[in-house]
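The working numbering applies: residue 1 is where the sequence shown begins, and numbers increase by one.
These are computed hints drawn from the structure, not numbers from a lab.
Between beta-carbon pairs, the in silico distance windows are:
1. Gly42 - Arg152: 17 to 27 Å
2. Glu298 - Ala119: 17 to 27 Å
3. Glu180 - Ser76: 40 to 50 Å
4. Arg305 - Thr181: 44 to 54 Å
5. Asn199 - His103: 37 to 47 Å
6. Asp175 - Ser296: 45 to 55 Å
7. Gln159 - Ser296: 44 to 54 Å
8. Asn86 - Asp148: 35 to 45 Å
9. Arg166 - Glu73: 31 to 41 Å
10. Ala275 - Glu73: 17 to 27 Å
11. Thr106 - Ile38: 35 to 45 Å
12. Arg305 - Arg249: 25 to 35 Å
13. Tyr347 - Thr61: 19 to 29 Å
14. Arg122 - Phe225: 24 to 34 Å
Straight-line alpha carbon distances no greater than 27 Å define the calculated BS3-like cross-link-like pairs of lysine-lysine that follow:
15. Lys214 - Lys200
16. Lys160 - Lys46
17. Lys46 - Lys183
18. Lys183 - Lys214
19. Lys183 - Lys160
20. Lys288 - Lys87
Here the structure is a predicted model, which means the values were calculated and not measured. Cβ coordinates follow ideal geometry from the N, Cα and C atoms, glycine included.
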Amino acid sequence: MSMTQVNPENETTNELLEMDQLRNRHMLVRSPQMAALIRLRGTLLKSIRNFMESEDFVEVTTPTITSLTGACEDYSTLFPLEYFGNKAFLTQTAQLHLEPLVHSQTLRRVYSVNHSYRAEPRADHRHLTEFVLIEPEIGFGNLQTLLDIEERLVSTLVQKALESRRDELELLGADIAMLETIKPPFRRMTYSEAVEQLNKMGIATEWGDDLDRKREIALLEWTQFPTFITHYPLELKFFNMRQNREDERIVNAADLLLPGVGEVCGGAEREEDPARLRHRLMHSEAMKHLLAAGGSAEDYEWYLRLRDNDSIPYAGFGMGFERLVQFITGSESCLNCVEYPRNSVHYMP
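All chains should be built: construct the whole structure from the sequences, respecting the hints.
Structure, rendered in structure tokens:
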């Protein structure tokens with residue numbers, strides 16, 4: 001039984017994918033290809049934990065039932081739960097639960113391996129409603145720290161896959177020669193440099209435009225290598241990303257783009273100044289969305305108070321595990337990268 005095939009001519013799952021394979025996933029998991037994928041995923045998850053331990057990170061278990069603050073910016077994509085007469089949600093990010101821990105004098109580096117749930121209506125080869133998210137937070141870390149850790153982590157995972165699962169990679173159709181080139185340093189460019197390059201390539205882009213998938217892939221076709229895009233416009237990023245003190249139009253944030261996939265990691269320095277953070281929240285798009293979702297500034301009060309005493313500089317990032325697997329295997333669809341995929345039209349078996 002073959003893995004799910006992508007039809008690039010159509011962007012809806014009913015026509016994009018062989019739906020019988022999704023409906024009969026419990027049979028497909030018996031195939032040699034799925035066995036190879038499962039072994040690869042297991043090796044990668046083990047390697048992530050080994051890498052984090054070697055870098056002095058402590059794994060933390062964070063809640064999957066949260067308030068509105070468990071959202072990744074877009075509150076409309078939260079899955080609501082009736083919770084003993086109150087409204088709760090399935091989590092999208094552990095970030096706000098990890099951040100308090102880096103203020104501990106004995107826990108400066110923490111991370112979680114959690115499921116993230118997003119009511120994502122797009123049923124295509126790029127989006128899942130449930131996926132694994134790796135999230136480290138680094139006390140006294142900065143943007144440079146983040147980039148260094150991310151490229152070491154991704155390079156280590158690729159090398160471990162090549163060392164331990166080469167047969168599985170070959171069975172899954174991975175580009176072995178390309179994977180063997182994945183070593184630090186990765187390419188790095190600022191958002192402004194990316195905008196300039198896109199315009200040179202004939203892709204009209206104004207400063208302040210979001211770098212959508214089309215633009216990400218165009219940049220990757222130019223660099224032909226894992227690439228960091230840094231220092232995004234403030235308006236494009238979440239309210240708690242640290243505003244650059246030399247150019248307040250931008251934040252100290254970065255996305256890691258991987259060839260064939262696009263964004264796999266997103267991270268930033270966290271704003272440690274309590275007055276700036278509160279001002280950013282109150283004047284952010286996030287606040288508008290929060291109010292529209294029935295929330296209020298009070299939902300974030302516990303988080304804002306973290307900075308009231310002994311605030312330290314720190315930084316963190318999130319890595320979508322299935323997109324990393326997609327990069328390593330060279331798969332056209334993220335549905336090929338998880339044992340039992342979930343999207344807006346498929347939730348069984």
